[in-house]
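Undergrad: One line per chain: the protein sequences are A and B, in this order.
Per my numbering: the first sequence ends with 113, consecutive numbering throughout.
Per my numbering: the second sequence ends with 113, consecutive numbering throughout.
Hints in this document: simulated from the structure, not taken from any laboratory.
Since the model is a prediction, treat every value here as computed from it, not as a measurement.
Among these hints, one or two may not hold up.
[Stated by the list, open to error] Only pairs whose alpha carbons sit at most 35 Å apart, straight line, appear in this in silico DSBU-like list of lysine-lysine:
1) Lys25/A <-> Lys45/B
2) Lys108/B <-> Lys38/A
3) Lys108/B <-> Lys91/A
4) Lys72/B <-> Lys54/A
5) Lys62/B <-> Lys91/A
6) Lys25/A <-> Lys108/B
7) Lys54/A <-> Lys108/B
8) Lys100/B <-> Lys91/A
9) Lys108/A <-> Lys72/B
10) Lys108/B <-> Lys75/A
11) Lys108/B <-> Lys38/B
12) Lys80/A <-> Lys108/B
13) Lys62/A <-> Lys45/B
14) Lys87/A <-> Lys25/B
15) Lys25/B <-> Lys25/A
16) Lys91/A <-> Lys54/A
17) Lys100/A <-> Lys54/B
[What the hints assert, rightly or not] Some chain B residues judged to face chain A by a derived CB distance under 8 Å, without partners named:
18) Val15
19) Pro49
20) Lys91
All C-beta atoms, glycine included, are put in the ideal place defined by N, C-alpha and C.
Protein chains: 2
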Amino acid sequence: MIENKKILKKDTCPVSTALAIIGGKWSMLIIFSIGNEKRRFGELKRLIPTISEKMLIQELKKLTNTGILNRKAYKEIPPKVEYSLTKDGLKILPIIDQIKIFGTELIKNNSNL
Amino acid sequence: MIENKKILKKDTCPVSTALAIIGGKWSMLIIFSIGNEKRRFGELKRLIPTISEKMLIQELKKLTNTGILNRKAYKEIPPKVEYSLTKDGLKILPIIDQIKIFGTELIKNNSNL
DNA sequence: AGTATTACATACCTTTAGGTTATTACCTTA
DNA sequence: TAAGGTAATAACCTAAAGGTATGTAATACT
């Protein structure tokens, strides 16, 4: 095999790299929902009721693999897994704030949105 | 007809609204490439050689319709059209800066990216 | 008459993101 | 023994994003 592991495409542009991680439909909402807390899988499901389970774990896995989230699995039954933001992940919170402010202003200025 | 004009879906969340505009593959790159200048269509094509013409006009149209870009068409032949950032559009530049910084740090910390 | 220039349109196709539903592993407790 | 609770997986499908290729309008210049 030439290339085995599926990794995000090496991108020269740091903005594209960041967007590959936080640009999707759910990433920011998940990151925002975790914030400074530790959140269990089921807890996130309840916090974001419109997300499908598939997308939730898929995103959690991606964010974990890219160093945005910590994942702590307790050896218990029924399973218990806690997600929290890493040092890098915490850096996204102010970006989300900025985008939120921008979005709010945009809606105010543009009745079409 | 019930709903005629195609508009971006009314979204309760300002972050989603913002992402619908700047979350795609090309929007930020286009906005960044315009910056504080006036840029012609062909000029942008040259600045972003990897974008297809279709995506370029498509995005320029979307950004114009959502109040991010000004479009000034000169009545000349061959055509001449200049795009520039609106007041709202300019607000995206610092967001892009933030994301760029974040992406750069992320790449530094994560050799997988 | 023919060619070049420039912004844009249109038809068609491929790829990716995201959604739906069902299923599993494991232990505890009724 | 059966049911319940939790995190995760797999198969399958739809819709949307994006890419390729070609065409058009209008005029000036040769």
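Undergrad: So, for every hint listed, does it hold in this structure?
TA: Hint check:
1. Using a Cα cut-off of 35 Å, the hinted pair Lys25/A and Lys45/B holds, with the two alpha carbons roughly 28 Å apart.
2. Of the supplied pair hints, the one linking Lys108/B and Lys38/A holds, its CA atoms being roughly 26 Å apart against a limit of 35 Å.
3. A hinted pair counts as satisfied when its Cα atoms are at most 35 Å apart, and Lys108/B with Lys91/A qualifies at roughly 14 Å.
4. Note on Lys72/B and Lys54/A: the hinted pairing is violated, with a Cα-Cα distance of about 45 Å set against a maximum of 35 Å.
5. Distance hint between Lys62/B and Lys91/A is fulfilled; the C-alpha atoms sit about 29 Å from each other, no more than 35 Å.
6. Taking the CA atoms of Lys25/A and Lys108/B, the gap is about 25 Å. The hint holds against a cut of 35 Å.
7. Our distance criterion of 35 Å between C-alpha atoms is met by Lys54/A and Lys108/B, whose separation comes to about 30 Å.
8. Of the supplied pair hints, the one linking Lys100/B and Lys91/A holds, its CA atoms being roughly 12 Å apart against a limit of 35 Å.
9. Between Lys108/A and Lys72/B, the direct Cα distance comes to roughly 24 Å. Compliance with the 35 Å bound is thereby established for this hinted pair.
10. Taking the CA atoms of Lys108/B and Lys75/A, the gap is near 33 Å; set against the 35 Å cutoff, the hint holds.
11. Distance hint between Lys108/B and Lys38/B is fulfilled; the C-alpha atoms sit about 34 Å from each other, no more than 35 Å.
12. Taking the CA atoms of Lys80/A and Lys108/B, the gap is near 32 Å; set against the 35 Å cutoff, the hint holds.
13. For a cut-off of 35 Å, the pair hint linking Lys62/A to Lys45/B stands: about 33 Å separates their Cα positions.
14. Restraint check for Lys87/A and Lys25/B: satisfied, since their Cα atoms lie roughly 26 Å apart, inside the 35 Å limit.
15. Only pairs whose Cα atoms come within 35 Å are accepted, and Lys25/B paired with Lys25/A is accepted, the gap being roughly 13 Å.
16. For the suggested pair Lys91/A and Lys54/A, the alpha carbons sit about 26 Å apart, so the restraint of at most 35 Å is met.
17. Annotation: proposed proximity of Lys100/A to Lys54/B holds, straight-line Cα distance about 29 Å (limit 35 Å).
18. Satisfaction of the interface hint for Val15/B is found here, the shortest Cβ-Cβ separation to chain A being roughly 5 Å, below the 8 Å cut-off.
19. Violation of the interface hint for Pro49/B is found here, the shortest Cβ-Cβ separation to chain A being roughly 13 Å, above the 8 Å cut-off.
20. With a least beta-carbon distance of about 5 Å to chain A, the hint placing Lys91/B at the interface is held under the 8 Å criterion.
The structure shown violates the earlier hints numbered 4, 19.
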